[in-house]
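Visitor: Sequence:
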Amino acid sequence: MGDERTNDVFFDDVFVPDEYVVGQLDHGFQYISQALDIERFTMFTFSPVKQRLDLLIEYVRTASRDGRPLKDDPKVRSRIARLATTAEVARVMGLRVVDASVKAEATGGAPPTIEASEYKLFTTEFSKVLADASMDLGGPGTQLRVGTEEAPMVGRAESTYRYTVLDTIGGGTSEVQKNIITRRGLGLPKNF
Numbered sequence: 001m002g003d004e005r006t007n008d009v010f011f012d013d014v015f016v017p018d019e020y021v022v023g024q025l026d027h028g029f030q031y032i033s034q035a036l037d038i039e040r041f042t043m044f045t046f047s048p049v050k051q052r053l054d055l056l057i058e059y060v061r062t063a064s065r066d067g068r069p070l071k072d073d074p075k076v077r078s079r080i081a082r083l084a085t086t087a088e089v090a091r092v093m094g095l096r097v098v099d100a101s102v103k104a105e106a107t108g109g110a111p112p113t114i115e116a117s118e119y120k121l122f123t124t125e126f127s128k129v130l131a132d133a134s135m136d137l138g139g140p141g142t143q144l145r146v147g148t149e150e151a152p153m154v155g156r157a158e159s160t161y162r163y164t165v166l167d168t169i170g171g172g173t174s175e176v177q178k179n180i181i182t183r184r185g186l187g188l189p190k191n192f
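FYI, our numbering numbers position 185 of the sequence shown as 185, with every residue one higher than the one before it.
Honestly, I wouldn't trust all of these hints.
[Claimed, not checked] Have a look at the derived ranges for each label pair, beta carbon to beta carbon:
no.: 1; residue 1: 95; residue 2: 173; range: 37 to 47 Å
no.: 2; residue 1: 99; residue 2: 182; range: 21 to 31 Å
no.: 3; residue 1: 82; residue 2: 183; range: 45 to 55 Å
no.: 4; residue 1: 89; residue 2: 38; range: 33 to 43 Å
no.: 5; residue 1: 99; residue 2: 140; range: 34 to 44 Å
no.: 6; residue 1: 71; residue 2: 34; range: 41 to 51 Å
no.: 7; residue 1: 77; residue 2: 50; range: 13 to 23 Å
no.: 8; residue 1: 85; residue 2: 16; range: 43 to 53 Å
no.: 9; residue 1: 95; residue 2: 129; range: 41 to 51 Å
Keep in mind that the hints were calculated from the coordinates and are not lab data. Even glycine gets a Cβ: it sits at the ideal position worked out from N, Cα and C.
Can you make the complete structure from the sequences, with help from the hints?
Guide: Below is the structure:
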């Protein structure tokens, strides 16, 4: 899970003196929920996904396996086409969230909860698929770390593979995003 630690932190029976209360009393969950809505589309931007896809595409253009260029393999080309198409969907979803956020800001509305959850879920899950494809297509050398001269895709496949797990946790897990989408977006009961 990357090079970072993750922790669960619980606070029980906490008292906060009045001078340290931020905002209105008993509105903490609302505040943190709104902050998370913003985090879901600002911390998981499309640009790093696009950079990793571009690295993979360049690798496929120049690499060979068993003496044959990867770019000539129809299965590899098909996989790259699916990844590129899915990346474009992620990009457009991100633009949709930004548009909804700008409109909400202009009208004094709340951040776009459902759109942000859809984008975060889609993009972080796609990032895992992209990392898997990079590891698969790059072969055993993709297990070498960033900075290793011999590593395909400058070692980004290995680090991306580790970090994509963290991305599905930060800002609310993929399961939390699914619950937000089903409950708030579709009006269905939560799944737990």
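Visitor: In this structure, is the beta-carbon distance linking residue 71 and residue 34 contained in 41 to 51 Å?
Guide: holds (46 Å)
Visitor: Holds or violated: 21 to 31 Å for the Cβ distance of residue 99 and residue 182?
Guide: Given range 21 to 31 Å: holds, Cβ gap about 23 Å.
Visitor: Indicate whether the distance between the beta carbons of residue 95 and residue 129 respects the range 41 to 51 Å.
Guide: Violated, since residue 95 and residue 129 (Cβ atoms, about 21 Å apart) do not stay within the stated range.
Visitor: Between residue 99 and residue 140, does the beta-carbon spacing fit 34 to 44 Å?
Guide: holds (43 Å)
Visitor: Taking 13 to 23 Å as the hint, is the beta-carbon distance of residue 77 and residue 50 inside that range?
Guide: Since the Cβ atoms of residue 77 and residue 50 sit about 19 Å apart, the hinted range of 13 to 23 Å holds.
Visitor: Holds or violated: the 45 to 55 Å window for the beta-carbon distance between residue 82 and residue 183?
Guide: Violated: the Cβ-Cβ distance is about 30 Å, outside 45 to 55 Å.
Visitor: Does the Cβ pair residue 89, residue 38 satisfy 33 to 43 Å?
Guide: violated (22 Å)
Visitor: If you check the beta carbons of residue 85 and residue 16, does the distance land in 43 to 53 Å?
Guide: holds (49 Å)
Visitor: Does the beta carbon distance between residue 95 and residue 173 stay inside 37 to 47 Å, or does it fall outside?
Guide: violated (24 Å)
Taken one by one, the earlier hints fail for this structure at numbers 1, 3, 4, 9, listed in ascending order.
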